[in-house]
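As you go down the protein sequences, you meet chains U and V in turn. To convert, note that position 98 of the first sequence is 109 in my numbering; the numbers rise steadily by one, no gaps. To convert, note that position 46 of the second sequence is 522 in my numbering; the numbers rise steadily by one, no gaps.
Rather than coming from a laboratory, the hints here were simulated on the basis of the structure. Do not take every clue at face value.
Stated by the list, open to error - Calculated lysine-lysine pairs in the DSSO-like style (CA-CA distance at most 30 Å, straight line):
| no. | chain 1 | residue 1 | chain 2 | residue 2 |
| --- | --- | --- | --- | --- |
| 1 | V | K535 | U | K117 |
| 2 | V | K515 | U | K126 |
| 3 | U | K97 | U | K33 |
| 4 | U | K113 | U | K131 |
| 5 | U | K113 | V | K535 |
| 6 | U | K117 | U | K131 |
| 7 | U | K32 | V | K515 |
| 8 | U | K97 | U | K113 |
| 9 | U | K131 | V | K565 |
| 10 | U | K33 | V | K535 |
| 11 | V | K535 | U | K131 |
| 12 | V | K565 | U | K32 |
| 13 | U | K33 | V | K565 |
| 14 | U | K113 | V | K565 |
| 15 | U | K113 | U | K126 |
| 16 | U | K97 | U | K32 |
| 17 | U | K117 | V | K565 |
| 18 | V | K535 | V | K565 |
| 19 | U | K126 | V | K565 |
| 20 | U | K97 | V | K565 |
| 21 | U | K97 | V | K515 |
Said to hold, decoys possible - Here are some chain V residues pointing at chain U (derived, C-beta under 7 Å):
| no. | residue |
| --- | --- |
| 22 | T531 |
| 23 | D548 |
| 24 | Q549 |
| 25 | K554 |
| 26 | N557 |
| 27 | Y566 |
| 28 | S571 |
| 29 | R573 |
| 30 | N574 |
| 31 | C575 |
| 32 | R578 |
| 33 | G579 |
| 34 | V581 |
| 35 | V585 |
Claimed, not checked - Per label pair, the in silico range of CB-to-CB distance:
| no. | chain 1 | residue 1 | chain 2 | residue 2 | range |
| --- | --- | --- | --- | --- | --- |
| 36 | U | M133 | V | D595 | 22 to 30 Å |
| 37 | V | S580 | U | D31 | 45 to 53 Å |
| 38 | U | E119 | V | E556 | 49 to 57 Å |
| 39 | V | P588 | U | R39 | 51 to 59 Å |
| 40 | V | D537 | U | E134 | 47 to 55 Å |
These numbers come from a predicted model, not from an experiment. Yeah, the Cβ is synthetic: ideal placement off N, Cα and C, and Gly gets one too.
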Amino acid sequence: MSWASPEDILLSTSLATYLDKKILVLLRDGRKLLGLLRSFDQFANVVLEGACDRTIVGDLYCDIPLGLYVIRGENVVLIGELDLEKEELPPHMTRVSTAEIKRAQKAEGDATALKGSMRKRMEFLDFD
Amino acid sequence: MFCHPNRLQRTKQSPFSPSLSLTSTRAKSSYALLHRQTKMLFFSYFKDLVGREVTVELKNDLAIRGTLHSVDQYLNIKLENTRVVDQEKYPHMLSVRNCFIRGSVVRYVQLPPDGVDIDLLHDATRREARGG
């Protein structure tokens, strides 16, 4: 891997343009990590400084601070550069504590499970 | 890992490194003229599409519309001026205007109808199937 010149970096798919910038990393498991990009390589392994895990449930969100993270590239879905002049989230969303977001997640999980079990019961009745 | 520009490190050359250097993205080489290019057909094809509006649908069902900025040998994609197709469902993507998408998570790349010269692509495919 040779070092690309500054002009080449601007035209290539290099993550160098995002270095030291605040980025959003979407992971395969659905997690959204935000932080400063400090390092990367050809596999899209990434070092994130000041990382925080943004959990969103409906209109509620919570940022859980994680510190310095090394992310293995195979888990990376997308790396987005956050525009600092724009709002990161829509204004109607409210920030809540970790305990509250966990409660909201559990409630959402229970509702989905209930919907699933109800559907199974209806399917058993076999309306044709 | 790329850490400090002053440290000259040479990593092992990958067996899948392209015969074309990535710096030639500026050259508008037609993908049909690249013969005996094994595993490079779509890379060359996407390079010709740089600057066009595309919609990338990912395996996690997220669909992003944007201008194709660049592509690499792994078919990683960099998009500019991005907008998410179903914005309310993905509020965290609101302020993202440029993004890098790992090639392994792409399901579809939706192209403009005039983005494909089907005959040219057809010929290039036949040539690669024969020569590759």
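TODO: Output the numbers, in ascending order, of every earlier hint that fails for this structure.
DONE: Of the numbered hints given earlier, those the structure breaks are 2, 7, 21, 22, 24, 26, 27, 33, 35, 36, 37, 38, 39, 40, listed in rising order.
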